[in-house]
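Visitor: So the chains spell out like this:
Number of protein chains: 4
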Amino acid sequence: MKKNIEPCYYGDYLQLDKILGAQKLQSEKYSDAAHEEMLFIIVHQVYELWFKQILHELNATIDTFNQEVVKDQQLTQVVYRLQRVITIQRLMNDQIAVMETMTPQQFLSFRDYLVPASGFQSIQFKRLEISLGLKREFRVDFDKQSFYSRLTDDDRALLEGLEKKPSLFDLVDKWLSRMPLLKTDDFDFWEYYKKATAEMLTDDHDTISTNDTLSTADKRQELKDWQSTKENFDALFDHEKFEKLRKEDKFRLSHEALLSALFIKQYSEEPVFNLPFQLITALTEIDEQLTIWRYRHAMMVQRMLGTKIGTGGSSGHHYLKRTTESNRIFLDFFNMATFLLPKSALPELPNAIKRKLGFYLNSIS
Amino acid sequence: MKKNIEPCYYGDYLQLDKILGAQKLQSEKYSDAAHEEMLFIIVHQVYELWFKQILHELNATIDTFNQEVVKDQQLTQVVYRLQRVITIQRLMNDQIAVMETMTPQQFLSFRDYLVPASGFQSIQFKRLEISLGLKREFRVDFDKQSFYSRLTDDDRALLEGLEKKPSLFDLVDKWLSRMPLLKTDDFDFWEYYKKATAEMLTDDHDTISTNDTLSTADKRQELKDWQSTKENFDALFDHEKFEKLRKEDKFRLSHEALLSALFIKQYSEEPVFNLPFQLITALTEIDEQLTIWRYRHAMMVQRMLGTKIGTGGSSGHHYLKRTTESNRIFLDFFNMATFLLPKSALPELPNAIKRKLGFYLNSIS
Amino acid sequence: MKKNIEPCYYGDYLQLDKILGAQKLQSEKYSDAAHEEMLFIIVHQVYELWFKQILHELNATIDTFNQEVVKDQQLTQVVYRLQRVITIQRLMNDQIAVMETMTPQQFLSFRDYLVPASGFQSIQFKRLEISLGLKREFRVDFDKQSFYSRLTDDDRALLEGLEKKPSLFDLVDKWLSRMPLLKTDDFDFWEYYKKATAEMLTDDHDTISTNDTLSTADKRQELKDWQSTKENFDALFDHEKFEKLRKEDKFRLSHEALLSALFIKQYSEEPVFNLPFQLITALTEIDEQLTIWRYRHAMMVQRMLGTKIGTGGSSGHHYLKRTTESNRIFLDFFNMATFLLPKSALPELPNAIKRKLGFYLNSIS
Amino acid sequence: MKKNIEPCYYGDYLQLDKILGAQKLQSEKYSDAAHEEMLFIIVHQVYELWFKQILHELNATIDTFNQEVVKDQQLTQVVYRLQRVITIQRLMNDQIAVMETMTPQQFLSFRDYLVPASGFQSIQFKRLEISLGLKREFRVDFDKQSFYSRLTDDDRALLEGLEKKPSLFDLVDKWLSRMPLLKTDDFDFWEYYKKATAEMLTDDHDTISTNDTLSTADKRQELKDWQSTKENFDALFDHEKFEKLRKEDKFRLSHEALLSALFIKQYSEEPVFNLPFQLITALTEIDEQLTIWRYRHAMMVQRMLGTKIGTGGSSGHHYLKRTTESNRIFLDFFNMATFLLPKSALPELPNAIKRKLGFYLNSIS
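Top to bottom, those sequences are chains A, B, C and D. Going by the numbering used here, the first residue of the first sequence is number 3, and it counts up by one from there. Going by the numbering used here, the first residue of the second sequence is number 3, and it counts up by one from there. Going by the numbering used here, the first residue of the third sequence is number 3, and it counts up by one from there. Going by the numbering used here, the first residue of the fourth sequence is number 3, and it counts up by one from there.
Calculated from the structure, these hints are not laboratory results. Be a bit skeptical, because a hint or two may be false.
Pairs involving identical chains hold if they fit within one copy or between any two copies, as the list cannot separate such chains.
Stated by the list, open to error - Derived PhoX-like pairs (lysine-lysine); straight-line CA-CA distance at most 25 Å: (1) K31 / K54; (2) K54 / K26; (3) K358 / K196; (4) K249 / K167; (5) K167 / K73.
Using the sequences provided together with the hints, build the complete structure.
Guide: Right, here's the structure in full:
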């Protein structure tokens, strides 16, 4: 053993007295112990431990992006940490199967003793959402409400403080915006891109128009969708139009950030874009996993309670349904596929630029 | 080797010449091979193989229930087969991660060559939905349309034929309806149940009324929900009311079937109810897994195409969103938790009845 | 809210102050905080929470079997509880992926501060093994040693006390042994079975003998294996032979229990055998999942440390390798496939027996 | 639709007539159809489809490394492809749960008709192993034998041809060996490293020596292990010693490749090492997943057959057990943790070197 290092014991190190001594059944207070209440408690405690770990990673990531310059070595770190978050999220999604080993009837045997506790009171989950960038104005109504009424004053103050700090969304937006690449090059990528996408849109219009399998009504709808897609494209090249659509919440990223992200996605195999591309992909995946979690959670609650009210005194299943539709954060990364061109339609980058996107070592060889 | 058994070889047995010779890239016809098209083809072929297996199990199950008497031994078999379906569905849901290793840009390199192919043309998937019991009138609009326009005449005829046959839903409903238990007993379970649920509903009403964390608007909504739950309860004891709600699609199961299912769920640990309970649970789970599949599929499509149109010439993501909300089949089993009583609120069954629900062996000992 | 029920709050109920306040990094004591130590702690705490839940289910199951009569309704419960254990085990196996997001180098940044803590000191895991039925004499050497030297006196006493109580293995063995079915029937199942298996063994012998793809050495080995299989078969019908093989640890179940289990597996679709069959299957699966856990754990340790010593001051990877091979408990259920006959080779049960294995309800109709 | 693109239909594109028409039950030839034989066929066909996809990725990766220069952009591609392989492998491992829904008895109802077919005859699996780099001399005995006897002449010729071509292992070894970084720098990393590791080894020796929880025998074993670890360390700095150990199969990578890999692992966050690190990690993971697959497969076979012989006329479970221990390919990457130093023990890289490992863009700013 290294000098000066005190011996460390498994149970002490993990503070198992606290961890394993924190399960007190409510049912025991009022009647016979409900066997499944232990599962209910432990499943939720495990979720909270994972939330703590996710916040540990998110906070470190926010600290990194909250600097003037993000070093390349730190970007590696950030990507690994976000991929760890995803691995944990996948596990959390699978964990729903454990909760579902409890039958609705078993749940009923202790439900009444939990009133008015509710998962909406998980401060860590709210911190997670806010840290990622879920703005209060984007929350579904029910969820907004819960901020004010269901929390203690301290908890509310903590969350409101957090809402004022820059979120990961904000910081990534800024970081993307200041990517210098697009502004300094005289190679006019965007001119080329404009032409290529115009062509693609015309093709899509043709495909819809000549699609005989669509009813007249459906065709009309599809053409309307196409029109809206076209407007989004036009906004890419017109700052004012973009800002207008952004106000309508059709975009959330700033104009510069969106263009940077688009360029990165188009040329993701260039060395300098590799980690940024992995970053964007990871944030998209985190959002997707969070959405799947809400959705599966909603199904589980319905299965457990039907249309009965939950312990929080409201039928959570309505809310959960709605939250799965809206509480998305990095929606722009999700929708970015709209604007992508296939490799074959992209211009070959001039050597001067390719060099700039490469490693030092190769540039001098 | 047993006499008269011809030797069997691995590759021949699995017909690997067919299986491994069925991947022809469209991209090769028109330009360079798109590396990821192989993945796209194989992922879909694997899905179709699993669909075939699921249909194999569903059809056998339908055959079993399509008899006048379902033997106890067959019920064991049915439950195992449905649990196998669930195991496959879980795998199919995880398989989406494989498809998501393809980036949107990689997909674009062959998307144009696939027009107008579309997953909506998977006959096996439609057969699966119809066999389970998805009625045309319950399908979301877009999906209804696709029946008429996107299929070949033969395929449409096949599906329309299938729609006329009894589905698993229909057969399970009938099987539940003819369970004799409730009608012959003079022990009045339902009278007791009526009283107990009335109490539970009053408690819930109190919980909502005294919940200070709800806004006035939310409280009004919750009380409205409560009212609707109460009406559903009332309908349990009133055939006419039930039929009225059933016409409004608030129930799909017949009155008798619903009551049988409810009784089974309340006393699932009684030997004779054990397999029926597992059956109901399995059907609920199949529905849930199918819904998760549609939902994850919808997210994947959005990630791959944004708001671009799909190869079928329509922006599938709209449809997929809607289908996740509605194309449920065994919704009543899902909502059944509404009507459940906790064990402690249930009457102890009289010995005469307990005996009837038990094994022969124990009844004589 | 129900009268007399005090309000319950999410964070208090889950004792989140304890749970989320139990992560103290050792690295912070001696140098800079190692970012990944948080993951290391939380991953282990989650495992311990799941162990607590598994023990909760196992202990309840042991209590059930520790009665003179196990009611049918309780058997339902037992099966559900063991299936829950399996669901948790699957999740625990997948959780290894979370630990593997930590690179070996990251682990090294705090490894030295953990000496001599070791996973071998997890009392809950040892309790789990002992409760299932892992006997000290079956433990691999290294593991035996750890009982005496690595634990505190209290912990050792606790485990030694537990070793003296009947394990789940012991109780299930007893419960299987007293199944009355085989002794009272005059239908001679075992006579029939003897003939059928003799035939099957002869066929297998032929298959090996005529297998030209085997080398002489391999054929010799296969025939030796066949011989040993044959001896096991012979022991089924000869109590003395059986006891002899049992002393050599070729069987662990008692003779009666093994025969009961075999009968159950052969006729698992008969109502009265349905739950016993699910019980046997669940115990096999629990053992398999535990073995997979040890194996994946061993791979992870090797990946993290190579051949370096672990924090416990010994190269755990050797031990873990060996433990995956031996620390199995319900090995007999695993090997039982050896003795199974295909359905077609089984005698049709006489109606009198079939009735005995059925429900009361059907027996009178 | 784009001009000149013929319409493409779902079922035709996927060649579903072939895929869904390739399931012919052997049991139907000789007796009644065995319901579970369909599952058995489809599960294996799905595996073969995934093998085809994995080979598609591996072959493309081999082609990339089989060039004189691997471009940075191609390295991105390679890493993505290998990560896709891992995603597929995880799914294949979970797929074992599907096979395990078949009971041993169900399998017996068609086992006899499959003789002498065997999974050992899967040519694609053998191609996969050989392409990765499994040398014949490293195969476990049984597996070696199967090359000669169980295959058709054509298949054997195909595999023997493949064995003569460079495997992914060979090519990655070469690519690592020619990394110029270590040879050109005058900064003496290895001198520093030597000193730091000597210290680490001394510490480990102390930890073992002062470990009172070890028995005398165990301590002796641990010290022997330590000695062998020390010899491996010494070999790192002595080409002759290294080659000697390599001949004893203690190392498989060439000396240069091992040192490169070690350097990459130590400084993985430097931009130029990012993708190489991901490559090494991916290859390690592929090996691990393959090993888990073999292990779980072995357990499944034991559960299905006990000690009975398999359809190939030999008790596969022996073989499978042994193969899980030995058929590893990238074992050096696995064991590399032995040689790693914690970040804190590593020298800060001089700026001149850091620059060389960075992006062009940052080097000029």
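Visitor: If a hint holds in the structure, say so; if it doesn't, say that too.
Guide: The hints, checked one at a time:
Taking the shortest alpha-carbon separations for K31 and K54, only the inter-copy value of 21 Å comes in at or below 25 Å, while the best intra-copy value is 29 Å. Proximity of K54 to K26 under the C-alpha cut-off of 25 Å is found in both arrangements, the shortest distances being 21 Å within a copy and 13 Å between copies. For a Cα distance limit of 25 Å, the shortest separation of K358 from K196 inside one copy, 23 Å, qualifies, whereas the shortest one across copies, 37 Å, does not. For a Cα distance limit of 25 Å, the shortest separation of K249 from K167 inside one copy, 21 Å, qualifies, whereas the shortest one across copies, 53 Å, does not.
Taking the shortest alpha-carbon separations for K167 and K73, only the intra-copy value of 22 Å comes in at or below 25 Å, while the best inter-copy value is 42 Å.
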